[in-house]
Structures are given as structure tokens and as C-alpha cells.
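These protein sequence lines map, in sequence, to chains A and B. Per our numbering: the first sequence = residues 103 to 214. Per our numbering: the second sequence = residues 48 to 159.
Keep in mind that the hints were calculated from the coordinates and are not lab data. A quick note: this is a predicted structure, and the numbers were derived from the prediction, not measured. By construction, the Cβ of each residue, glycine as well, lies at the ideal position given by its N, Cα and C atoms. Be careful, since some hints might not be right.
To be verified - Partial selection, computed: residues in chain B whose CB lies under 8 Å from chain A:
| hint | residue |
| --- | --- |
| 1 | W54 |
| 2 | E73 |
| 3 | S76 |
| 4 | G90 |
| 5 | L93 |
| 6 | G134 |
| 7 | L137 |
| 8 | G145 |
| 9 | N146 |
| 10 | F150 |
| 11 | G151 |
| 12 | T157 |
Stated by the list, open to error - Selected chain A positions facing chain B (Cβ under 7 Å, derived; list incomplete):
| hint | residue |
| --- | --- |
| 13 | P136 |
| 14 | R145 |
| 15 | P146 |
| 16 | L148 |
| 17 | I152 |
| 18 | S206 |
Said to hold, decoys possible - Across the chosen pairs, the derived CB separations fall in these ranges:
| hint | chain 1 | residue 1 | chain 2 | residue 2 | range |
| --- | --- | --- | --- | --- | --- |
| 19 | A | E181 | B | S105 | 36 to 46 Å |
| 20 | B | P61 | A | V122 | 39 to 49 Å |
| 21 | A | D161 | B | N110 | 24 to 34 Å |
| 22 | B | G142 | A | E158 | 41 to 51 Å |
| 23 | A | D161 | B | T75 | 42 to 52 Å |
| 24 | B | I103 | A | Q147 | 35 to 45 Å |
| 25 | A | K159 | B | S112 | 32 to 42 Å |
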Amino acid sequence: GENVEQHPSTLSVQEGDSAVIKCTYSDSASNYFPWYKQELGKRPQLIIDIRSNVGEKKDQRIAVTLNKTAKHFSLHITETQPEDSAVYFCAASKGSSYKLIFGSGTRLLVRP
Amino acid sequence: SQTIHQWPATLVQPVGSPLSLECTVEGTSNPNLYWYRQAAGRGLQLLFYSVGIGQISSEVPQNLSASRPQDRQFILSSKKLLLSDSGFYLCAWGGDAGNTIYFGEGSWLTVV
Chain A
103 GENVEQHPST LSVQEGDSAV IKCTYSDSAS NYFPWYKQEL GKRPQLIIDI RSNVGEKKDQ
163 RIAVTLNKTA KHFSLHITET QPEDSAVYFC AASKGSSYKL IFGSGTRLLV RP
Chain B
48 SQTIHQWPAT LVQPVGSPLS LECTVEGTSN PNLYWYRQAA GRGLQLLFYS VGIGQISSEV
108 PQNLSASRPQ DRQFILSSKK LLLSDSGFYL CAWGGDAGNT IYFGEGSWLT VV
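Chain B on its own, in the form it takes in the complex (with noise of 0.2 Å):
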């Protein structure tokens, strides 16, 4: 069966300071892959979705940035975090358009 796991699962981060999140899917092949946002009581902003390796397609202007290298990897990166980039970023995996998509277990971020 088809698996998805993102970490760190949390982390605090000053101002300024890099953004790493990585996610890996196991169990399928050549996934659709997404990262959201969800900042604190809110609803699920698409960030970026890759449909293929090198594949990425933003979805709102900001200073994050999406990377996949590999079929079943996603990268989520900043140079330079902002306060307003607090939130939970979720990975989350799909199959064919039109379809289900699957969420990790989400990562914690809180910049101060």
C-alpha cells in the first residue's frame, strides 16, 4: 500500500533563517505530488503540485519554493523566512487528475 511521510514534523525557526521540508511517497509511481498550507484555524491553501520530476507549478506568489529530484520526493524551501510563513504545511500525494489525494502527517512550522 501507498505511504506518505514529511518531516520534520516540527520546528521553530528565526526570521531570516532557511526552510527545509521534505516529503517521500513509497508505494507508487510517478505520484502527483502537492504542498499546503494551512495557517492556524483556517482552510487548505495550495502552494505548489508536480505532476512529474522537475515538474512544478505554483499556485501563489510568496518566498517559498518547491523542488522534486526525485519521482517520489518533494522539497519545500525558503531562503528566508517571513513571520506570515507560520503555519501547517501539509504534503499530500494523488493518483490520476480528477482524484483523491492523500495528506501527510503534516509539519509544524512557527517562525518568531
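If we strip away everything but chain A, and leave its shape as in the complex, we get (with noise of 0.2 Å):
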């Protein structure tokens, strides 16, 4: 079955730098990849996702980017906010699944 692997588990950056998070995933059939930020103690919720027919895809801050020859995709966000600081979770899924498949989650903190 499918697997997602994420890296770095912790991020810690300063206010105003960029984080990128990486993720890699094992079915080359799985063509959805979205991305998750749960805030303590609170649900995870959609902040952005890609299929597989776009190489990259933005929204203000934030970024995907998907190779995928290489099977990975990664969350790019700029300017860091001291509310980015939360966990982010990657996932993968393809067209005949009703499954997601997620990542073990990156806990991003932004230092003021």
C-alpha cells in the first residue's frame, strides 16, 4: 500500500525566513496531494493541495511543489508568522482510493 514519508518531524525557524517541508510517498499511482495544518489542540485543516497534472501551485505565502519522477512533494512557506507555528501534515491518495494516506506530521515553530 501506499507510503508517506515526512521530514523534518521538528522545524524551528526565525520570524521572516522560509520553511520547507518535505514529503515522499511510495505509489506512483497516487496523484491528489494536499496538506494539513492542525494548530494545538484543534483539527487538522486543508491549507493547500496539488494533483498530479501541476508542478506547482500558490497561494499568498504558502507553496507546493511536486516531482514526480522522484515521487516527493514539498510546503514551502515564506515570510514566516509567529501563527504558522503549528504541525503540518502531508498526505497522498489516488483516484481508485477512498483513502488518504498522511505523513507523521511536522511541528513547525516560528520564533518572534
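Could you use the hints to bring the two separately framed chains together as a complex?
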């Protein structure tokens, strides 16, 4: 079955710096890659997603890139702010599956 | 618009007691429904998913069970709770296969 690996497990950056979180997936048939942000004690919420027919997608300060050949995708956050501090999860699924497979999460800390 | 609700929000249960967590979705029909568990500081573990009334797929063998008595209702149960059942339980819904899922507010379960 699909396996998603996520790195790093923790990431600490200075406010205003950029943060990058990387994920790799095992099933080459996967074609949908969402990213979720989970604040302490809250539910995970979708922040951005990308499909396999697109190499990059941007939404203000966040962007996701996808490399299908290498089977990895990354989340980029620019000009980080303290409110970006949270746990971020990547996930992958394919069109024939009802299951969304999550990475293990990255705890991002933005230092003021 | 679609909304998802789950309850109770928090509960403290003694070892060996039963459990019932309930989740309902509004604003959509025939959703795919999911139960995830998140141990403290850990990732998202898929427990069960359902693609229709009475259809339950189990991902992890355990002392939990799930039922879907109505189209937009999903219930997580246990006859006898274990200490290891403690965690943050998240219900989620999704549309077609290979698409985003959206989480409920979560239920904090502490087994004592």
C-alpha cells in the first residue's frame, strides 16, 4: 500500500525566514497531495493541495511543488509569522482509493 | 455548505467501560466517512472508513468498531476501553475517491 514519509519532524525558524517541509510517497499511481495545518488542540485543516497534472501551486505565502519522477512533494512557507507555528501534515491518495494516507507530521515553530 | 459535527468533545472513561462517539455530516449526501485517531503528539491513524450505509472497512485490528446506521451518521464504539485507547479521535468526510477530506472538531478521550 501507499506509504508517505515526511521530514523534518521538527523545524524551528526565525520570523520572516522561509520554511520547507518535504514528503515522499511510494505509490506512483498517487495523484492527489493535500497539506493540512493542525494548531494545538484543534482539528487538521486543509491549507493547500496539488494534483499530479500540476508541478507547482501557490497561495499567498504558501506554495507546494511536486516532482512526480522522484515521487516527492514539498510545502514552502515564505515570510513566516508566529501564527504559522503548528503541526503540518502531508498526505497522498489516488483516484481509485478512498483513503488519504498521511505523513507523520512536522512541528513548525516560528520564533518571534 | 457542508458541515461536520462530532460529540462529545471530551470524555474521561474508566478502563473497561463502553464508548460511543458520534459524527454527523450536513449539506451533502452519500459522503465517504472516516474515523482517525491521534495519540498525543503523534500522527493521524486511520481506523475505519465507510463508502455507504452499512459498509465499514477496518484498517487496524483493535477493540474498536464502527457503524453507519444512516447516510450521514458515523459512530465509533467500544465495548471495553483500554488505557491505550486514549487519544484525540477525529471524524472526517470526503466526496469522490482521491479528493480532500474534512475533519470534525475532534473528541478527546482519556481512559483512566
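Hint-by-hint comparison with the structure:
Checking W54 (chain B) against chain A: minimum C-beta separation of about 14 Å lies over 8 Å; hint violated. A hinted interface residue such as E73 (chain B) counts as satisfied when its beta carbon comes closer than 8 Å to some beta carbon of chain A; here the least separation is about 16 Å, so the hint is violated. At about 16 Å, the closest approach between the beta carbon of S76 (chain B) and any beta carbon in chain A exceeds 8 Å, and the interface hint on this residue is violated. The beta carbon of G90 (chain B) comes within 4 Å of a beta carbon in chain A, closer than 8 Å, and the hint placing it at the interface holds.
The beta carbon of L93 (chain B) is positioned within 8 Å of a beta carbon in chain A (closest approach about 6 Å), and the interface hint is therefore held. Contact between G134 (chain B) and chain A, as hinted, is not supported at the beta carbon level, the nearest pair being about 13 Å apart and thus beyond 8 Å. The beta carbon of L137 (chain B) is positioned within 8 Å of a beta carbon in chain A (closest approach about 6 Å), and the interface hint is therefore held. At its closest, the beta carbon of G145 (chain B) sits 4 Å from a beta carbon of chain A; the interface hint therefore holds under the 8 Å criterion.
Taking 8 Å as the C-beta cut-off, the interface hint given for N146 (chain B) holds, the closest approach to chain A being about 7 Å. Because the smallest distance between the Cβ of F150 (chain B) and any Cβ of chain A comes to about 4 Å, under 8 Å, the interface hint for this residue holds. Taken as an interface hint, G151 (chain B) checks out: its beta carbon lies about 7 Å from the nearest beta carbon of chain A, inside 8 Å. The closest approach between the C-beta of T157 (chain B) and any C-beta of chain A is roughly 14 Å, which is over the 8 Å cut-off, so the hint fails.
A cut of 7 Å between beta carbons decides the hint on P136 (chain A): the least distance to chain B is about 6 Å, and the hint holds. Against a cut-off of 7 Å between C-beta atoms, the interface hint on R145 (chain A) holds, since the closest Cβ of chain B lies about 4 Å away. Evaluation of the P146 (chain A) hint against chain B yields a held restraint, the C-beta minimum of about 5 Å falling below 7 Å. Because the beta carbon of L148 (chain A) sits about 6 Å from the nearest beta carbon in chain B, less than 7 Å, this interface hint is met.
The closest approach between the C-beta of I152 (chain A) and any C-beta of chain B is roughly 11 Å, which is over the 7 Å cut-off, so the hint fails. This hint holds: S206 (chain A) has a C-beta 4 Å from the nearest C-beta of chain B, less than the 7 Å allowed. Separation of E181 (chain A) from S105 (chain B) is about 44 Å and conforms to the stated range, judged on CB atoms against 36 to 46 Å. Restraint check, P61 (chain B) to V122 (chain A): a C-beta distance of roughly 45 Å satisfies the suggested window 39 to 49 Å.
In this structure the hint that D161 (chain A) and N110 (chain B) lie 24 to 34 Å apart at CB is violated, the actual value being about 42 Å. The hinted range of 41 to 51 Å is not satisfied by G142 (chain B) and E158 (chain A), whose Cβ atoms lie roughly 25 Å apart. As the Cβ distance of D161 (chain A) to T75 (chain B) is approximately 24 Å, the hint placing it in 42 to 52 Å is violated. Hint check: I103 (chain B) to Q147 (chain A), Cβ distance near 26 Å, so the stated range 35 to 45 Å is violated.
Between K159 (chain A) and S112 (chain B) the Cβ separation comes to about 39 Å, which falls inside the hinted range of 32 to 42 Å.
Checked against the numbered hints given earlier, this structure breaks hints 1, 2, 3, 6, 12, 17, 21, 22, 23 and 24; the rest are met.
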